[in-house]
Amino acid sequence: MELIVASTVGVLTAAGVYLMLRLRTFAVILGLAMLSYAVNVFLFASGRLAIDQSPILSRYGDATYTDPLPQALVLTAIVISFGMTAVLVMIGLGAYLEAGSDRIDIDPASEDADAKDARS
Amino acid sequence: MGHGGHLLIIIALLPFLGALVPGLMIRAGRTVCAISTAVPTLLALAMLIVLAPAVLRGEVIQAEIAWLPQLGLSVAFFLDGLGLLFAGMILGVGLLITLYARFYLSGEDPMGQFYTYLLLFQGAMLGIVISDNILLLLIFWELTSLSSFLLIGYWKHLPEGRQGARMALAVTGGGGLAMIGGMLILGNIAGSYNLTDILRAGDAIRASEWYLPALILILLGAFTKSAQFPFHFWLPHAMAAPTPVSAYLHSATMVKAGVFLMARMWPVLSGTDAWFYIVATTGLVTMVLGALIALFKDDLKALLAFSTVSHLGLLTMLLGFGTQAAAVAAVFHIINHLTFKAALFMTAGIVDHEAHTRDIKRLGGLRHLMPVTFVIGTVAALSMAGIPLFNGFLSKEMMLEEASHTTWLDSYYVVPALATLGALLSVAYSFRFIVHVFLGPERDDYPHKPHDPPFGMWAAPALLAVLVVVIGIAPFIADGIVSAAASAVTGADLDPHLKIWHGVTPALWMSGIAILCGAGLLVLHPVLDRAWIAAPRPEAKAIFDALVAGAVVLAGRVTEIGHNGAISRYLAIFTATAIVLGWIAFSGAGLSEPTRGHLPVPPVIAVGWLMLVVATCFVVLQHRKRFLALTVLGVIGLSISAGFAYLSAPDLALTQISVETVTIMLLLLALHYMPQSSPAESSIALRIRDGAIAAAAGAGVAALAYAFLVRDIETISDFHVANSYEGGGGTNVVNVILVDFRGYDTYGEIIVLGIAGFVIYALMHALLDGPAGRRLKNTDFSQNRSRDRHPLMMVVVTRVLMPIAVVVGLYIFLRGHNQPGGGFVAGLVISIALLMQYMASGFAWTQERKRIEYHTMIGLGVVIAGLTGVGSWLAGRPFLTSSYTYVHLPPIEEFELATAMLFDLGVFLTVLGAVMLMLYSLSRIASFAGETVNPDPMDFDPSGRADQTEGDR
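Residue numbers (the numbering used here), protein chains in the order written: chain Z, 1 to 120; chain A, 1001 to 1953.
Just so you know, these hints were derived from the structure itself, not from any lab.
The beta-carbon is built from N, C-alpha and C at its ideal position, and this holds for glycine as well.
The reader is advised that the hints may include incorrect statements.
For the chain Z half of the interface with chain A, some residues (derived, Cβ under 8 angstroms), not all of them [to be verified]:
1) I4
2) T13
3) L32
4) L43
5) S46
6) G61
7) D62
8) A63
9) P68
10) T76
11) F82
12) T85
13) A86
14) L93
15) L97
In silico SDA-like links for lysine to any residue, alpha-carbon gap of 25 angstroms or less [stated by the list, open to error]:
16) K1625(A) <-> S101(Z)
17) K1777(A) <-> S101(Z)
18) K1625(A) <-> R59(Z)
19) K1625(A) <-> L3(Z)
20) K1625(A) <-> E1896(A)
Input sequences plus hints: build the corresponding full structure.
See the structure below:
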């Protein structure tokens, strides 16, 4: 199970980083969403894995529980990363509508054209 | 804080507080503005005078307020003789300059700005001389560089002013940087950053192996500030400033900060060979060189600037000698130089102001035209020349006396000869100032007919000229302050008796030679001037400019390598660096043995894992088909939430599944307005590079995760589990952590989420008002439009689902404290229920039926959560302490009421409001893009739409 979780984190990270390095906003947003998954699982896993030990206190005497703290932190992280994704989407959309292109890099050709415009 | 300490702090603060006033008072007129500048200075001066008698008796007044004690930084001030002398000079001359500037500045100059800068500078300079903490001193030191930059560049329209300001900032700021290093070393050796402690640790510092680096670094700071060779070149260029600034900063105060620092550090740093050879030699060279250049300058202010350089060299040299008598001479000369040099600068300003030129070759014969100015200028210049009965003579005699018995590398005559040469040149340029400007025949080609200025303008230099004469004739009146300051410098109890006649000493002979030869030199000046102009000599400004240009080119090259405007390149560099650092950390210390076993992997989980990996690969490979990639992304999110559920994290599973839904909806909405596919534009090489980086990053993170998954750790969570029920009143530990143990965190996070909602809303508005809005209006989205926008079945189903979803949300919210659920999840569930209505019947139709604004909801949520936290104050407990009780109402089972639930309500409202506001903002774009509004909850006649769409085609 440990290998499963670790490899999941690894695969998601790799996919996230690869997409993050693409040249279009949409791919970058997908990549960052994947990275958020990876980070959330990673943080969650720092509490170590346990099965059938939910941190819900039992009424019927002693039981062992998994570490609740990473869960609490990840819970807010999930919600915050949603907020972040939403802002990114809006910025990406805005940039596309404003510029007519959703490239994230400065296009050298259009830069030169701008400079010429400014000079003339 | 001892006697007078409070006054000291007020003195330090007054100029800074006062700096706020002139900018406003300028509206009431120029005179009022000047008065409002003079008032804080006058007040500070009055307080200083109150403190003066105690300091002159030898007391040291101290005041300290702790600031960052962990760093050894405190707001500590102390006032001893040296501090008193400098503070008096700063405030006294400041007052005179305020008066002078009132008449000097023309109506077009922004006077409020000028006085504000002036007071800022005054406060910074005052801070330097009374700081008792070297870190604090460094802060003030940098502040003087900054405010001096503002003052030199005050005439923004003059390129010389801007260049001079930049050069001064670069040189003095660079020196300040070196000094920070030196001061930190000093503080490290002494074990304290308090100046008084450091001054006591002189022996330890001189014995330390770090003494020389510290000395050199501190001297770099002092030499750049005090314009010592080879850093002297910035001072003449700083003369582009208005003359009051030149008189105040560049003769009387700021340039003396370096001298002050050397004097302050004298007990600690002096007394070694290194000190003598570095400081005295630099001073000597600067003195002679400055005087030589001054003789050949035609610009009055440039002449005075190089003369200032020369006199600063003289002071440096005296401090470098390291003897007590030399220190006395230095202190006395500081006073004398202040009086005559400030008066001369103001005189030069008056000449410039009246004759509209300060080129000596275009002046001459002003004696009868400007008699008052002539008298003031002559008195001050004679003092500068060192003529008996003026105060400059006294300290110059003391300097020559010291020089006459100083040996330099076993040579008895180098220092005396060069000192005499310096004095000789000084006589020559001082005489030149008098003869070539005021004497000689009256000319008829002045750019402007000169006459004496109004009283207000010559009052300040006249007062200084009176001081020149009074101290020159009766030097004993300065006894008190000189002995107090010199005692503070040397740390010994000195009681010098200043007098005019010392008998026939070597110094008298040297003085005599200097005056006679200096007068002779002036006669030869025309010949020498031609030779000087013809001779090649290095131009400091050209060298400096070339250095700066070189540095700019170098910086440009370095920047272009990593910073070429391509974000993907930065991200690649960033990720690669993180991988390398991670690798270094990993391969460093050996890993401990694994302590945990592996959990078994049931087949279902293996299948789920496989699904997730395949989906991830699919998204990566097919990411250009955006809609497809987005759909598959949902699969990944759902697999993860299933994983959470399996690994004992029901709360996470719930949250993940609901967030996933909302995220995908959001991305779908946004995708509608973006291209549906990405072009393939990265080259194969680039893809391989990115693939390698991504694979390395993934492998690294996986290895790290695996490494800690098979090892145990100490955790603080036992506390949370043990106290969840007793202290927080809930059995769902995760929820109790969120609303109670770490409630403060949660409070911050809901605020962040709310802000994210508002950011999106604001962005949307900004976009729609700009070119993006116009583009949207002109784009035809009808091709993408469904023929059956609001299908009957969906409308009916969502209507039925709505109450069920709301009940589920409520249920999840209420049970959250004890069972999986809570405000976060409930907020998301309800927002999904609402979103379904939006999807089914369209945005505008649903919007009309909304009763409460989402902005309000976010605000309400944050306020409720905050008030719940504050409520615990009423019970006398810390912020966000929760309390709970059990209630028993007859028809239903006993249940719990906790304040934590109120907090959770705040969380719920904020999450709901933020999510809805985000989607609302995206939908606004839809209505802007020409989406029609349907009056009914569903489209009754789909054929109508189809016809219309086909008609368009």
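(message) Hint I4(Z) vs chain A: min CB-CB distance below 8 angstroms?
(response) 5 angstroms, holds
(request) Verify the proposed pairing of K1625(A) with E1896(A), using a straight-line Cα cut of 25 angstroms. (result) Roughly 51 angstroms separates the two Cα atoms, so the pair is violated.
(request) Would you check the hint for K1625(A) and R59(Z), treating anything up to 25 angstroms between C-alpha atoms as holding? (result) With a Cα-Cα distance of about 51 angstroms, the restraint between K1625(A) and R59(Z) is violated, given a limit of 25 angstroms.
(message) With the threshold set at 25 angstroms, check whether the alpha-carbon distance from K1625(A) to S101(Z) stays at or below it.
(response) 17 angstroms, holds
(request) Would you check whether S46(Z) satisfies its interface hint, that is, whether its CB is within less than 8 angstroms of any CB in chain A? (result) At 6 angstroms from the nearest chain A Cβ, S46(Z) passes the 8 angstroms test, so the hint holds.
(message) Would the hint linking K1777(A) and S101(Z) be met if the CA-CA limit is 25 angstroms?
(response) 17 angstroms, holds
(request) Would you check whether L93(Z) satisfies its interface hint, that is, whether its CB is within less than 8 angstroms of any CB in chain A? (result) Holds, about 5 angstroms.
(request) Identify whether the interface hint at T76(Z) stands, where standing means a beta carbon of chain A within less than 8 angstroms of its own. (result) This interface hint holds because 5 angstroms falls under the 8 angstroms limit.
(request) Return the status of the interface hint for P68(Z): holds when the least beta-carbon distance to chain A is below 8 angstroms, violated otherwise. (result) 4 angstroms, holds
(message) Interface hint check: A86(Z), Cβ to nearest Cβ on chain A, cutoff 8 angstroms. Holds or violated?
(response) Interface hint status for A86(Z): holds (5 angstroms vs cutoff 8 angstroms).
(request) Classify the hint on D62(Z) as holds or violated, based on whether any CB of chain A lies nearer than 8 angstroms to its CB. (result) Hint violated; D62(Z) Cβ to chain A Cβ min 11 angstroms, cut 8 angstroms.
(request) Grab the minimum C-beta distance from F82(Z) to chain A and call the hint holds if it beats 8 angstroms, violated otherwise. (result) 5 angstroms, holds
Checked against the numbered hints above, the structure violates hints 3, 4, 6, 7, 8, 18, 19 and 20; every other hint is satisfied.
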